[in-house]
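Once you've looked at the hints, dock chain B against the given chain A.
Chain order of the listed sequences is A and B.
This note's numbering puts the first residue of the first sequence at 337, with every later residue one more than the last.
This note's numbering puts the first residue of the second sequence at 3, with every later residue one more than the last.
Quick caveat, the hints were computed from the structure, so don't treat them as lab data.
None of these values were measured; they are calculated from a predicted model.
Careful, some of the hints might be misleading.
[As the list claims (entries may be wrong)] Partial pick of chain B residues on the chain A-facing surface, computed with a CB cut under 8 Å:
| id | residue |
| --- | --- |
| 1 | 96 |
| 2 | 99 |
| 3 | 105 |
The beta carbon of each residue, even a glycine, is placed where N, CA and C say it ideally should be.
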Amino acid sequence: MEKYRQSVSRSEPGCVVILLDRSDSMKLAWGRTGASLADGAALAVNNILLDMCIKATTEVNAPVRRYFDVGIFSYGARLGEPGEGVESAFGGVLAGRGLVPLPELAEHPVAVREEPSIDLMPVSARMPVWVDPVHGHRTPMCQAIAVAGGHVFDWAAEHPGSFPPIVINITDGMVTDSPYDGATLQDWVRRLTSIETDDGATLFFNVFLSPFEVTEIVFPADPGGLPPPGPDLFALSSPLPQPMIDNAAVDGYDVRPGARGLAFNVGRSTLLRVLQIGTRVPDRTR
Amino acid sequence: MIHTRHVVFYAVKHGNAEAEWEDGAAAAPADGNGRGPRFAVADGATQGFGSARWAQQLVAGFVGDEGAAPDLTAAALHDWASAVRTRWRDDPRLAGATDLQRLKQATVGSFATFLGCELLDLAGPRPRWSAVALGDAVLFHVREHRVVAQFPRIAPDAFGSNPDGLPTDAAGLTAMVGRASFAGGDLADGDLLYLATDAFAQWVAAADLRDRRALWTTLAGLDHPERFRRLVADRRAAREMVNDDVTLMRVRLDRAPAAHLVVCL
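Extracted from the complex, chain B is given alone in its bound form:
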């Protein structure tokens, strides 16, 4: 049996308040009915309306926190995303919206890149991951300081040019879900999965080319939110990382169950 231990790090865009993080991240253990542990990150559009809610509803829905989690097929994802969209549009909090807010919701809406992952057969002969992506949030599968798989494969200089993601308009949503890409890979004891939104993923992709051992040692050793925020602040200051909300979820796979629960205050 392979166990999973995950942690989420995030940092808001410089200049924004902590509560204005517009990414989303969620995880859920196996459900006991054959669905494996799930992990998801999403990156809400800065220029959208209600983007934090949209990103966070998407990741929560994908891991099964808000109703049945979707299968990893285009058809199931479409039905699920449409239901999430309805909840986003009809949010009771919008009863207090101003005219400008209503106008923006109706004319602009929101948009989020999305990456969802499920781990399968962790107690069986072929443990593996299966993932769906829309846009440039990226999964890095790392073994012994080396990237075994990157999904989607995006070169460091190609971030920002991928228009895919999940929009809140019905027609756009249907078209975009049809563009979802799927991938999978086999897992081994000691592997690490990193799910990152675009600004951090872009930096990781570039740092992996420069000095992969240093990169993966640093990321595997992150043990406190402050260390992550310092890393992000330093890389932004060095102009290696774009000033954007950043999110990194690390999933460690280990045959030994967790011995401690760590809470950072």
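Next up, chain A with everything else stripped away, as it sits in the complex:
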């Protein structure tokens, strides 16, 4: 039977996990924005969380619907227990939580404050914030995948009929902890993507940020021409399933057969668009 077709509903919610690089290099300025990579990544993550809450808001006097369980795991600098490592990036009431149901997430941002427009327009808006920008230390990506994988494994076992978990890794650097616990980065990704629901295997997508204004490469079907670590990330990234190929095409991307869930050297607004495409699972529009 065709995979990746299950729509999200409260009886069969989806699962989105974002792995957020908080290593030292995330302090670099992101293009002409004047803000750091960490600032931009946090802004994009907060934007996508708000998007998901808005989509699950249907009517006055009705709670936000539990269409997704969401986890944000950061790797590099830790806030909870200072030093290098992996932790839930949620703060406030949600601090330390793994996967959080969307209605609970909507209830508990750490702040509501004025935030800049992600597309560099000279406007700002008050919006909820769940994740703050942080940077420091190295890039323990393997450990991040291991931690997220534990949550994803449990979730998939509890939701066999759901669209498979989507794990999106936002990074600007090279993994520094491979091998971790006896397994390489490739091994950890294989373990993660071997976790399945009846609707398919866990999807692992990668977004590579660059502080420089260079050509963006979004959803490539071929690793040729990608500068390092592009080919490695290409090999680690899941092929885009058909519903996301359709989403990407609607958003104007020329997606070729075999396209991978990889966006390389992206700017801030592209990061948000990629997150939107990668988290938009099949649903009835009417």
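Structure of chain B alone, referenced to chain A:
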């Protein structure tokens, strides 16, 4: 004189509560001033805000339950839909809205496919239907187990690709009403009209190609909401029908007036 007897069946999207049906269906008898019986179905956007209210206000407005019913012309429909939009936007219940709800109403709003139908000259020499459609809610005109007319004509594999409908943003509404399509057809004693929202209509269009006699016998024989829900559940389980809110309105035309009123409890 041809009489009409109608019944509405619906089933919510699997996984949703009964109260979360986001379609709308309404019917009204002739008004005594020349307007014939009216029937309408609408399908509110799952991803919109206040979609059930929008769909249900549209169908109620079209049949005349909330002020004057519009004529079936693009200009009249535009004025009417704009007034419905104002009522939807200014609903007093929104006084209790959260920031997220206000944001979604302002930035996303709602959208609904719409199908409205009026029956004309039922006591005269040329009884007929006249309808307007925006989107993929479909009217099937059936006579002796055969489709006489399908409006709009949509192939089973083309459902979901039609972007038309009525949005709640003013500019979009004006543009969309201009895309409304109109059709009509002559009626005869014993005819059946079915108005269906897209998921059910798509299944009907496909089933009609496979075994039309079985399909139309089944639909004409539906006599209880539970039988309809079982039909929908079975077709969903067989992956023949998309998991969505579904609505089917059946209008039977008969020279004999109804002898009984049936209430299903």
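Checklist entry - With 8 Å as the cut and Cβ atoms as the points, is residue 96 of chain B at the interface with chain A? => result holds (5 Å)
Checklist entry - Against chain A, is residue 105 of chain B within 8 Å by beta-carbon distance? => result Result: holds, 6 Å to nearest chain A Cβ.
Checklist entry - Does the CB of residue 99 of chain B sit less than 8 Å away from some CB of chain A? => result holds (5 Å)
Hint violations for this structure: none, all hints satisfied.
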